[in-house]
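Number of protein chains: 2
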Amino acid sequence: MCELYCKQDTLALRGKHIGPSCKVFFAADPIKIMRAQGQYMFDEKGERYLDCINNVAHEVVKAATKQMELLNTNSRFLHDNIVEYAKRLTATLPQPLSVCYFTNSGSEANDLALRLARQFRGHQDVITLDHAYHGHLSSLIEISPYKFRKGKDVKKEFVHVAPSPDTYRGKYREDHEDAATAYADEVKKIIEDAHRSGRKIAAFIAESMQSCGGQIIPPAGYFQKVAEHVHNAGGVFIADEVQVGFGRVGKHFWSFQMYGEDFIPDIVTMGKPMGNGHPLSCVVTTKEIAEAFSSSGMEYFNTYGGNPVSCAVGLAVLDVIENENLQGNAVRVGNYLTELLDEQKAKHPLIGDIRGVGLFIGIDLVKDHEKRTPATAEAQHIIYKMKEKGVLLSADGPHRNVLKIKPPMCFTEEDAKFMVDHLDGILTALEEVMGTKNDSVISENTVCRTKVPKEVHVELPNHSATESRENDSRKRNGVCSDQHALLSKRLKT
Amino acid sequence: MCELYCKQDTLALRGKHIGPSCKVFFAADPIKIMRAQGQYMFDEKGERYLDCINNVAHEVVKAATKQMELLNTNSRFLHDNIVEYAKRLTATLPQPLSVCYFTNSGSEANDLALRLARQFRGHQDVITLDHAYHGHLSSLIEISPYKFRKGKDVKKEFVHVAPSPDTYRGKYREDHEDAATAYADEVKKIIEDAHRSGRKIAAFIAESMQSCGGQIIPPAGYFQKVAEHVHNAGGVFIADEVQVGFGRVGKHFWSFQMYGEDFIPDIVTMGKPMGNGHPLSCVVTTKEIAEAFSSSGMEYFNTYGGNPVSCAVGLAVLDVIENENLQGNAVRVGNYLTELLDEQKAKHPLIGDIRGVGLFIGIDLVKDHEKRTPATAEAQHIIYKMKEKGVLLSADGPHRNVLKIKPPMCFTEEDAKFMVDHLDGILTALEEVMGTKNDSVISENTVCRTKVPKEVHVELPNHSATESRENDSRKRNGVCSDQHALLSKRLKT
Numbered sequence: 001m002c003e004l005y006c007k008q009d010t011l012a013l014r015g016k017h018i019g020p021s022c023k024v025f026f027a028a029d030p031i032k033i034m035r036a037q038g039q040y041m042f043d044e045k046g047e048r049y050l051d052c053i054n055n056v057a058h059e060v061v062k063a064a065t066k067q068m069e070l071l072n073t074n075s076r077f078l079h080d081n082i083v084e085y086a087k088r089l090t091a092t093l094p095q096p097l098s099v100c101y102f103t104n105s106g107s108e109a110n111d112l113a114l115r116l117a118r119q120f121r122g123h124q125d126v127i128t129l130d131h132a133y134h135g136h137l138s139s140l141i142e143i144s145p146y147k148f149r150k151g152k153d154v155k156k157e158f159v160h161v162a163p164s165p166d167t168y169r170g171k172y173r174e175d176h177e178d179a180a181t182a183y184a185d186e187v188k189k190i191i192e193d194a195h196r197s198g199r200k201i202a203a204f205i206a207e208s209m210q211s212c213g214g215q216i217i218p219p220a221g222y223f224q225k226v227a228e229h230v231h232n233a234g235g236v237f238i239a240d241e242v243q244v245g246f247g248r249v250g251k252h253f254w255s256f257q258m259y260g261e262d263f264i265p266d267i268v269t270m271g272k273p274m275g276n277g278h279p280l281s282c283v284v285t286t287k288e289i290a291e292a293f294s295s296s297g298m299e300y301f302n303t304y305g306g307n308p309v310s311c312a313v314g315l316a317v318l319d320v321i322e323n324e325n326l327q328g329n330a331v332r333v334g335n336y337l338t339e340l341l342d343e344q345k346a347k348h349p350l351i352g353d354i355r356g357v358g359l360f361i362g363i364d365l366v367k368d369h370e371k372r373t374p375a376t377a378e379a380q381h382i383i384y385k386m387k388e389k390g391v392l393l394s395a396d397g398p399h400r401n402v403l404k405i406k407p408p409m410c411f412t413e414e415d416a417k418f419m420v421d422h423l424d425g426i427l428t429a430l431e432e433v434m435g436t437k438n439d440s441v442i443s444e445n446t447v448c449r450t451k452v453p454k455e456v457h458v459e460l461p462n463h464s465a466t467e468s469r470e471n472d473s474r475k476r477n478g479v480c481s482d483q484h485a486l487l488s489k490r491l492k493t
Numbered sequence: 001m002c003e004l005y006c007k008q009d010t011l012a013l014r015g016k017h018i019g020p021s022c023k024v025f026f027a028a029d030p031i032k033i034m035r036a037q038g039q040y041m042f043d044e045k046g047e048r049y050l051d052c053i054n055n056v057a058h059e060v061v062k063a064a065t066k067q068m069e070l071l072n073t074n075s076r077f078l079h080d081n082i083v084e085y086a087k088r089l090t091a092t093l094p095q096p097l098s099v100c101y102f103t104n105s106g107s108e109a110n111d112l113a114l115r116l117a118r119q120f121r122g123h124q125d126v127i128t129l130d131h132a133y134h135g136h137l138s139s140l141i142e143i144s145p146y147k148f149r150k151g152k153d154v155k156k157e158f159v160h161v162a163p164s165p166d167t168y169r170g171k172y173r174e175d176h177e178d179a180a181t182a183y184a185d186e187v188k189k190i191i192e193d194a195h196r197s198g199r200k201i202a203a204f205i206a207e208s209m210q211s212c213g214g215q216i217i218p219p220a221g222y223f224q225k226v227a228e229h230v231h232n233a234g235g236v237f238i239a240d241e242v243q244v245g246f247g248r249v250g251k252h253f254w255s256f257q258m259y260g261e262d263f264i265p266d267i268v269t270m271g272k273p274m275g276n277g278h279p280l281s282c283v284v285t286t287k288e289i290a291e292a293f294s295s296s297g298m299e300y301f302n303t304y305g306g307n308p309v310s311c312a313v314g315l316a317v318l319d320v321i322e323n324e325n326l327q328g329n330a331v332r333v334g335n336y337l338t339e340l341l342d343e344q345k346a347k348h349p350l351i352g353d354i355r356g357v358g359l360f361i362g363i364d365l366v367k368d369h370e371k372r373t374p375a376t377a378e379a380q381h382i383i384y385k386m387k388e389k390g391v392l393l394s395a396d397g398p399h400r401n402v403l404k405i406k407p408p409m410c411f412t413e414e415d416a417k418f419m420v421d422h423l424d425g426i427l428t429a430l431e432e433v434m435g436t437k438n439d440s441v442i443s444e445n446t447v448c449r450t451k452v453p454k455e456v457h458v459e460l461p462n463h464s465a466t467e468s469r470e471n472d473s474r475k476r477n478g479v480c481s482d483q484h485a486l487l488s489k490r491l492k493t
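Heads up: the protein sequence lines correspond to chains H and U, in order.
Going by full-length UniProt numbering, the first residue of the first sequence is number 1, and it counts up by one from there.
Going by full-length UniProt numbering, the first residue of the second sequence is number 1, and it counts up by one from there.
Hint data in this document are derived by calculation from the structure and do not stem from the laboratory.
Bear in mind the structure is a predicted one, so any value in this text is a computation, not a measurement.
Do not take every clue at face value.
Stretch by stretch, here's where chain U covers chain H in the computed footprint (C-beta under 8 angstroms, at least three residues) [stated by the list, open to error]:
1) 20-30
2) 206-216
3) 268-281
4) 287-294
Quick reminder that beta carbons are idealized off the backbone N, C-alpha and C, glycines included.
Turn these sequences into a full structure, and let the hints guide you.
Written out as structure tokens, the structure is:
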């Protein structure tokens, strides 16, 4: 557990040998983590951090070691682990989703999902949601507005971006009489436009809840209607469960299941928590789609995908979720945390919206409740201050103003209380300064001794443009009261 | 170590739950492997198989377990393992190759390599070699003629296919006065044609030795000349070392190094043996290319890439290669095996060519030494017969007639002798039957009790077309004698 290099040397070596596009958390003052246990991480000085962002963390070392000592090889040989794991995984899904392809990352899974969709009927086009992120591979950056709008890449012709079904700051809001239909009709319109240009829809892809997009939970009924439009166009529905699967929503094992039994995607992709850090991911689809893929005559071979060690790790994770009743924990702790946060919302004008299900919660920070102006710099300030208190949060969404909470599944009520208490203190101090400073953007010299990273300042000039766009959309939708129905409440498990 | 399912049930579950595009080895009679030790694999009955195809297999369990017990998290936190591993890896490479991006599979590495190349000067086109295979992702199938010609996918406009620099059955052969220049000039011509169409070359990509393409070793000087042409066009040279790196060639750690110190790729991708089965891969490039990538403003984040456990595994593999002198073993056993195979070549008319370096060897099987007609069905027969003897080989190359030998790095001289003795026996029996049968294609009823998989028969009708194409190319190049200079001899380490 001793350091190989002092933190300064680690940083210097990182600067020298690791690509500068690979960012660290808290760039101005990155954390060096030496060890972890459950939801706690410890730095080189032994300082403890409560981890609110790192998804599942379970004890699966034993299973991995046992299998590594025995055998690791590829899936061209028969092995019981791969078939047992496929059997167990598909048992968590509705019946038609019965065929697995094992891969090594959420990105590999989503890339394969697109290949399956395109092979199915020979269509090419993909409909994706605004602000979506589906992975770091070339084929996925193409369908990830979260990425391609930040870089130089431009939208490809075969990509269609539907509005994010965000009823808090999107095109149709909580005051709309039928936001689900309105958002789904946007998809229908995209399909009709594509058909008019002679294009054909291969797939609609969406996270069952948008994560990087700002912890967005689509309104009830939206996915059903979208699936209908997409199926009518000969396309398939891909549910990306990479960030939100494996019991995180509590009541259901998969997030898409909370929208009702009448919604079944054609392809589900999974990853991240699946191997508790071990590179492991999967695509599950129907027999029909799998057979169409096979009929191309092209073999699919993934050297590491579905190897006996990865599958042993995956099986151990399933066991832990079940044996330790982590879904029950997600319900209990998630509900408790949401209650605490709702109290904070009543108290702090900076909190515009609390939304989420189970252990997947977003805190949308605003500078102004009526205009819902994103409090981007404030969000950055808060995550740095929380870090000083030993709590790891991140800020995401198109405006980087949504605090993301997606902790390890073993997160406790005490952890929730600890986190919220610190958040309360930081919000109180910040609002005091903002109040006395005539609602200006916080200055790093006054309240934040930790240097705010450059990116924040880069984003600030865009605020006015954003606001005017939002005002337009608000005019279209009518002025809505602040008494919006919290989706998190409707969907609470 | 006991079976969870009997072999028949494993097969049935696989049929039900694993995508039919995922093929097993020896489809007609697949092997169920229960455990492995070094170069030996054991099936459910305890039968031993000598593994000639599974690359590095080392003992790295201890390092993985130790790190897993301590911590596994992502690279957004500082950690010594990632920087130490980057330092150790880049120390094996020529100086300008100093910046690493850690990924989870050779495919992820190659996809990122293409992104780096395209970002570098904003060019888009890629030159690839005929029969090349660079991975299973959408972006890689596009540049893998080995794949896209088998499926329905057609060549994209931005992809240019240069002839494989195969001096045994390619366009310019061992009798050509300067095959290296002739093959490199083909690349030059592609660049000139692309420029005339207003296109710009982002990258030339090639395995340092073509693996799936038929164990092809380019003639000395070829890569230098290609690099010059590509650099003149503003493109970068990507060396794919996924299958051939990590000391397999013996004298050098990386295969590209055997072409001389005056050849340095701009990007090197690595994978497969890197983690001894643990999903681990990497892209290494120059500071200049890394900075250009970063200047796009787009972060690169790979959830599992470079995590502390993967890096601990990678470091352990480097230690084992060094401490057990596996490069020395690759030289010694590789040379011995090549000598044994050369003796077999003198004895068996079915062997047209033996080529390779270190523990990367190909046996090109022919029905006819002069025409070099690929002995495809015979190759399939041999690998099934070898399996019956407990030796695992595969057949690859565009005609699937090249026996691939790329065993774990701990392969011994005794293993080499064991393998060659069985090959000798099988070739002798096969040639006897073929002799009495008037050089017809083998029939599964007479010599091969194991059912030959369907694919072989599917390929047979193409032979005549292939032959006539080859005859044309032979006419262009003049008839060559069978006394070709073995590249493997020139390059023997």
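Hint check results:
For the segment 20-30 of chain H, the proposed coverage by chain U is satisfied: 7 residues have a C-beta within less than 8 angstroms of a C-beta in that chain, meeting the threshold of three. As drawn, the segment 206-216 of chain H meets chain U at 0 residues by the rule of a beta-carbon pair under 8 angstroms; below three, the given contact is violated. Coverage of the segment 268-281 of chain H by chain U holds. Counting CB-CB distances below 8 angstroms, 7 residues qualify, and the rule asks for three or more. Residues of the segment 287-294 of chain H lying with their CB closer than 8 angstroms to a CB of chain U number 4, which satisfies the three-residue condition for coverage.
Consistency with the previously given hints fails for number 2 only.
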